[in-house]
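Taking the hints into account, I'd like the entire structure generated from these sequences.
Chain order of the listed sequences is E and H.
According to the working numbering, the stretch in the first sequence is residues -17 to 378, in order.
According to the working numbering, the stretch in the second sequence is residues -17 to 378, in order.
Don't read these hints as lab results, they were simulated from the structure.
There could be a bad hint or two in this list.
The list cannot tell twin chains apart, which means a pair is met if one copy fits it or any two copies do.
Said to hold, decoys possible - No farther apart than 20 Å at their CA atoms in a straight line, the calculated lysine to aspartate or glutamate pairs in the EDC-like style are these: (1) K48 / E359; (2) K48 / D360; (3) K188 / E307; (4) K361 / E299; (5) K48 / E16; (6) K320 / D360; (7) K184 / D17; (8) K295 / D360; (9) K250 / E183; (10) K48 / E6; (11) K250 / E(-5); (12) K48 / E335; (13) K48 / E37; (14) K36 / D47; (15) K48 / D28; (16) K48 / D286; (17) K295 / E103; (18) K378 / D302; (19) K328 / E5; (20) K153 / E183.
Read off the chains here:
Number of protein chains: 2
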Amino acid sequence: MQLISSQIAGYMERSSWIRKMFEEGIALKKQFGEDAVCDFSLGNPDLPPPPAIKEGLLELAEQADKPFFMGYMPNFGYPDVREKLAAEVSREQGVPVTADCLVITCGAAGALNSFFRAVLEPGDEVMTPAPFFVEYGFYCENHGARLVTVPAKPLTFQLDLEAMDKAITDKTRVVMLNSPNNPSGAVYDKGSLEALAAILEKHNAKRERPIYILADEPYRFLAFDGVDVPSLLPIYKYTVVCSSFSKNLSMAGERIGYALVNPALEDKATLVGAVTLTNRILGFVNAPALAQKLMAHALGSGVDISIYDNRRKAMAEVLDYAGYEYTMPKGAFYFFPKAPGGDDVKFCAALQEEKILAVPGSGFGYPGFFRLSFSVEDKIIPRSKQGFAAALAKFK
Amino acid sequence: MQLISSQIAGYMERSSWIRKMFEEGIALKKQFGEDAVCDFSLGNPDLPPPPAIKEGLLELAEQADKPFFMGYMPNFGYPDVREKLAAEVSREQGVPVTADCLVITCGAAGALNSFFRAVLEPGDEVMTPAPFFVEYGFYCENHGARLVTVPAKPLTFQLDLEAMDKAITDKTRVVMLNSPNNPSGAVYDKGSLEALAAILEKHNAKRERPIYILADEPYRFLAFDGVDVPSLLPIYKYTVVCSSFSKNLSMAGERIGYALVNPALEDKATLVGAVTLTNRILGFVNAPALAQKLMAHALGSGVDISIYDNRRKAMAEVLDYAGYEYTMPKGAFYFFPKAPGGDDVKFCAALQEEKILAVPGSGFGYPGFFRLSFSVEDKIIPRSKQGFAAALAKFK
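Now the structure itself:
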């Protein structure tokens, strides 16, 4: 008997190689011990939450015997949390944002899906530069749309504007940007974003349905070397920003984020209303009550970014020593070096022989490269030096 | 410019009358004061969470400075929480349930959507008896399927098995049951469920894709007069149970629930794996970390059911005094009386004139009736006596 749908059966079959790699990594750790394996495969923020989280939990405990302590609230979130978030987001974006532009969501993933459900018609296309977060494809297909990818320019991973312009069709509804980028670490500069906005405005002039820019920005807080992460809000009217507190407050498993509709959009109430509705009907209903309250309490604090920066430098040292070709990441916590020999899956298997776990670029729609997360304990990075050198030596 | 999809624009237009009623209710409260209005329109559990929640929060605060305190966990939930939940669910269902049958979800709404995404093909049909929770229709359409409703028998609101049998087509993939029922308060008896199972097995014998029973059971704990809420697990192999801790632990806004695949299903790993995947790719990713831990801590405790039972009896007294026609609810916290005069929307407007808020049965696919929630402060119920009598008098 057929228990599941044909599409989901296909997904499960196609993702089996990732699961296999993951299971091999676990087996390695079991065989040689956790400490013998250098695991750079996961984007799970390892820094503890800021002290405000503990304080917040103690304050919440004081109210936990009251009716409606965790009861329903408006689907867009607690009004007071929304107000506080608006103030913080105004600061981050450098643009005044009012509470009525915000829907508090179950993480950025919840925000992305609620936005897609609100704006996509079946058959629509969502364009994104590759490499990209593999879940984007699923998020589009959830709503009957299709992800169209346009390779970013190697090795800087900046936008290929000409190629993006050419790839726009009547079906293009959203251009999705993730800057700082997972997995490449690229931060798109202001000039490129302005040029992209001009391209989209040219297309919009001929359409009834505007092309949105969806800015997925969970790593906005994590930029290095003083680099600017330009806000898209003043650059392009049809901008929606999604973000989460997974990384900056180490709340990845708690599922708290938001969708922000550009305050400059005249009819923003329609879009905010639609995302509030889709957030409800997709089954999120609302962002978790406690997560909302804790986030509001901890806003403005955050994990210590210098720790990530030091790891970035240590990782660069290791890769330089071993002789890898890469671009220094400007943001997020990933390196995306070139795979020696060109076959990223084969090369990650060679790394695994050296007890180093990495993710092939194929998993991000960009073969020939591989991703290393430096969201790992400090000591793991220098320990990987000889392993990286030995793996590379096999492909010379 | 068209900011949102045509389907969502249609939803927003169609739901405007509910919003209008809701806004009129708020206006009434503003005009006459909260205490002057008897609001029976909401299903927001008003009892405080059990003391275990406060204890749980204090314990969590002690661990809040540790890395990964709220980090990612497996998409099906924390393994230890899953184990504890399996023990509790085994007790509730009277059937041994192992942890590998469970996916912890963002409330029952998250479980329903993840299950639908896992099993539905575009064009499929989901059958449910009316009256039904209005969100069901959206949940089906999220995944390209269609809700088909079969009226339950008035006034008992038991299943009309003959009509259900006739309404099954090649496209029917799920029969969705909600017992104890929102809004009718009906609890389906074992004989009916066994007869339904026999009907579905008859159809399955001719099909490659089995028809599931999806049992949506957030009110399982809330049955009165010692009535049995039969488990579907021993009755029908293709049963999936969804539930939440919204009502029994007063965690409605915290979004925590589960999907349970029948342990008797030979290939249950495929379905559990698919729901784990869809829970991830729909953007839930996983149930909120803190909610999982709090739920595990509070399992086995629960709100005081006798409070609801006393309110039920008080509400029955009011309706008897005023002379309404209704069936005494056997579970959940709703009455679903006949609307005097037959027009439920018109009658709810008449109630509103008496400062009583109720929801027309049309909102549940069952015109001619109206829903009253008795999840309200005790004192509100007797206060509504004269208002109910006065509204009814207008239709005599």
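TODO: If any of the earlier hints don't hold here, list their numbers in rising order.
DONE: 3, 6, 7, 10, 12, 17
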